[in-house]
Structure formats: C-alpha cells, structure tokens
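Enquirer: So you can see what is in the structure, the chains are spelled out below.
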Amino acid sequence: MLEINSLNVFHGPIQAVHDIDMIVSEGQCVTLLGPNGAGKTSTLSAITGTARATGSIRLGGDQIAHMSVDDRSRRGLAISPEGRRVFANLSVRENLLMGGALYNSKAQLSAKIEQWFVQFPTLRERSDQLAGTLSGGEQQMLAISRALLSNPRILLLDEPSLGLAPQIVSKIFDIIRDLKAQGTTILLVEQNAAAAVSVSDYVYVLNNGVIYIHGQTDQFGHGSELMNELTGVYV
Amino acid sequence: MDYAIQQTLNALSFGAEYALIALGLAIVFSIMGLVNFAHGEVVAFGGYSMVITATLLTSNPWIIMIGVMFACVLTAVVLERVAFRTVRGADLTTGLLTAFGVSIVLQNLFLLLGSPRAIAATQFIFLDKTITIGTIRVSSLQIYETLATLVAIVVLTLFLRKTPLGIAMRAAALDFEMVRLCGFRANRVIAGAFAISGLLAGLACIFIMARRGSV
Chain A
5 MLEINSLNVF HGPIQAVHDI DMIVSEGQCV TLLGPNGAGK TSTLSAITGT
55 ARATGSIRLG GDQIAHMSVD DRSRRGLAIS PEGRRVFANL SVRENLLMGG
105 ALYNSKAQLS AKIEQWFVQF PTLRERSDQL AGTLSGGEQQ MLAISRALLS
155 NPRILLLDEP SLGLAPQIVS KIFDIIRDLK AQGTTILLVE QNAAAAVSVS
205 DYVYVLNNGV IYIHGQTDQF GHGSELMNEL TGVYV
Chain Y
2 MDYAIQQTLN ALSFGAEYAL IALGLAIVFS IMGLVNFAHG EVVAFGGYSM
52 VITATLLTSN PWIIMIGVMF ACVLTAVVLE RVAFRTVRGA DLTTGLLTAF
102 GVSIVLQNLF LLLGSPRAIA ATQFIFLDKT ITIGTIRVSS LQIYETLATL
152 VAIVVLTLFL RKTPLGIAMR AAALDFEMVR LCGFRANRVI AGAFAISGLL
202 AGLACIFIMA RRGSV
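If you're matching them up, the sequences are chains A and Y in order. In terms of our numbering, the first sequence is residues 5 to 239. In terms of our numbering, the second sequence is residues 2 to 216.
In case anyone wonders, no lab produced these hints; they're calculated from the structure. Ideal placement from N, C-alpha and C gives every residue a C-beta, glycine not left out.
Simulated crosslink set (BS3-like; lysine-lysine; CA at most 25 Å straight-line): (1) Y/Lys163 <-> A/Lys110; (2) A/Lys116 <-> A/Lys184; (3) Y/Lys163 <-> A/Lys116; (4) A/Lys175 <-> A/Lys116.
With the C-beta cut set under 7 Å, the calculated list includes, among others, these residues of chain Y facing chain A: (5) Ala172; (6) Leu175; (7) Glu178; (8) Met179.
Start from the sequences and build out the full structure, keeping to the hints where you can.
Expert: Shown next, in the form of structure tokens:
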C-alpha cells in the first residue's frame, strides 16, 4: 500500500531522517517508534508532503513523492497530525465537513457524518460546539474522524496518545484496534511503546533519523526489554 | 437633532463603502497573511473597465455594472495567478513587496494606457438623487450603498458558514496546511478568496463611480 525507499527528510539545513525504507501493506497496522527527535513526525511530514524530502514514496504503486500536499491527500492519504490540529474556531460538525473534501454530494457526506456520530456519540452531543472547547481526548477522536471521513487508503496517526490521561489513551487505542479490525490500513507514530506494539503487526524503531531495528510485533516481546535496551527511554 | 441624523446617515453610507473595501482586504489577509496593497488598483480597474464598456459596447448602466463586477473579479484572480501565487511560499515581507510592486505597475499602466487626467464616466450618476424627508436630505445613493453593503455582508456570512469552500476558507484562516492535508486544493481556496475580494471591490467601485462620475 505504502512503500518508502531511501527517504531523506530535511528541516532547513538539518537532515532529520537518513535514507530509510519502510513498507506498510494493505490492512496492516505498522508502528513507527522512537524517542523525541528521532525523526518520526518528519517521516510523516515527508509522506504527506509538508517537509522537504528526497527519495521514493509510493502509494498503491503510484509514485507520489513529487506531488503537492493536496494532491497526495486526494490520492488517499489522511492524517491525524501531532497535536491534533482541529480547527478550534469551527464547530465539530464543520470540522467533520472539512474531512469531506472529496465528496461530490452533500447528502452523502451528511449520511457519512451521521454514521460517525453513531460510533462517537460524544461528537454528536457536541456537534454545534466549537472544536476548541472539546477535551483533549474528544479532539483526538475528532481529528481521527475528520481524517477517516475521506475514506483514505491509509490513515497516518501521529502520536494520538500525546498529552492524554491514561484511561483516554486506552480508549484511543481501542478505537485504533476497531479501525484495524474493520480493515483500515494504519501507519502509527508513537512514543507509548507498549500500547502501540499491542495494536500493530509490524514495528520500525527510529533513532537519530535512522531505522535502528524493525520486525514483526512478536519479536518485540510486547514492548518490554528489547525496547528498553534500544532507546533507554521506555517503561 | 436634524443635523445629527443627517450626519449619521452620511457616516453610515461612507462607512458602508469602506466596509466593502475592508472586507475584500480582510478575506485575503486572513487566509494568506497578505496585505494586498493593489486592492485599490482593482477598484480603479473597475472604473476604467466601465469607461471601456460604455464606449465600446453599451450604454445600459445595468449591463455596465455587471461588467464592472466581472472586471474586478477577473483582475483580482489574474493578479493572484500571475503575481501572488508565485511568491506564496516566501515570507511575509516578500508578499508585501510584491503587493507594492503590483500596485505601482498597475498605477503606471493606468497612466500610460488610460490618461493622467480623470476620465468622465457618468453612467451611474442616476443612482444619486436627492430625497427630502422632512428636514433631512438624503441621497438615494447613500441608501443603496448601505443596503447593498448589508446584503453583501449577509451573503458573505452565509457563504462562509454554509458552503464547503466557505468553511474551508474559515479553516484556512486558522491552519492552512491542515486544510490542504484534508484534501482541499490550496489554489482553489486562495483563488476563491481573491475572487470574493474582487467582487466586493467591484461593488464598491460602482458606488464610488456613482458618487464621483469620473475615474
């Protein structure tokens, strides 16, 4: 589904990611783990086109590395970005409408939004409220819903657990588990190794901009010792 | 008392004219962070297009009005495409200087191709009739202007609240990159903002021309 080859990512004069390769197959949940500053978000930015990068990025076999941000999104990339980035001064419903850029019919989009409201009743209750007044967990649900409304081929999730209370984190991971069960292809970026490993099929560990180790989830012993040894920052 | 009412009416109609121009500037500024110094030239271009349409095509003022609006929208969109889109990624100062540059180029084009002197264009003067209500004298133009501005504000508000492109514009004012990440085309959102600013400039141009009768 998503295939990345010899990707280099730059922030101004600084190179954040060095020559990495990654594959996310259809229906898989793949996690990109690593400490702060490892280059995880940079990698996602390169995929969505918001950071300067060189290398090959293929989505469903098509080269997208030269495309603009909007073209890539229209090709089937959707992201719930770091810090959630909901439109704070827009209502919850308007935020969801923003996820519907690719719909031709308004009725179809409204029906799809109603469908989401069944899955996330809290969003329905607050549909006329400004998104900025939602709690962190609700904003995260909104950001994920906004991304998924476009029926993407792959969903990119950048640290969905960031800054959330432990109960909310487990709720968010339940949602990710559900999405995966429904067949959504997911690329997850996380620092919360234990939780991330529990939902994913394959793990890449990034450190200082290079892939340190990668493998099937079971090789990671449920995110414990190997992880500790690798980066020294995980519990 | 009469004096106060008279002045209030004057202030309202002048305010309405400025509001039309300010709205056009604000919609572009909120999305791009660009102060479009060439906005006044868009209004001026509307005035010249009025002279051209009136001389070459028709003397029907209603058709000329549509022509003026169309010319202003077209100018704003073309300026975006030719000048501002090319420097979109650059920092704010570059955009600002581009706007100054565009403004200077257009002013000199008007001098070269038009005339350094004012050209009479009186087709809209008929809007300006004096109506006397008791002791207060009102120009019909003032009433039209205030009403047109109110209608423009209501229509713009509905557009920004109800249509996908309008919602995307409000979202773009908060986080443009996120709007693109949602799959909205950046060019369409920005060109849309310029088109709206041109339309408002065209509306303002009609009233300015009706008041002055020359460009």
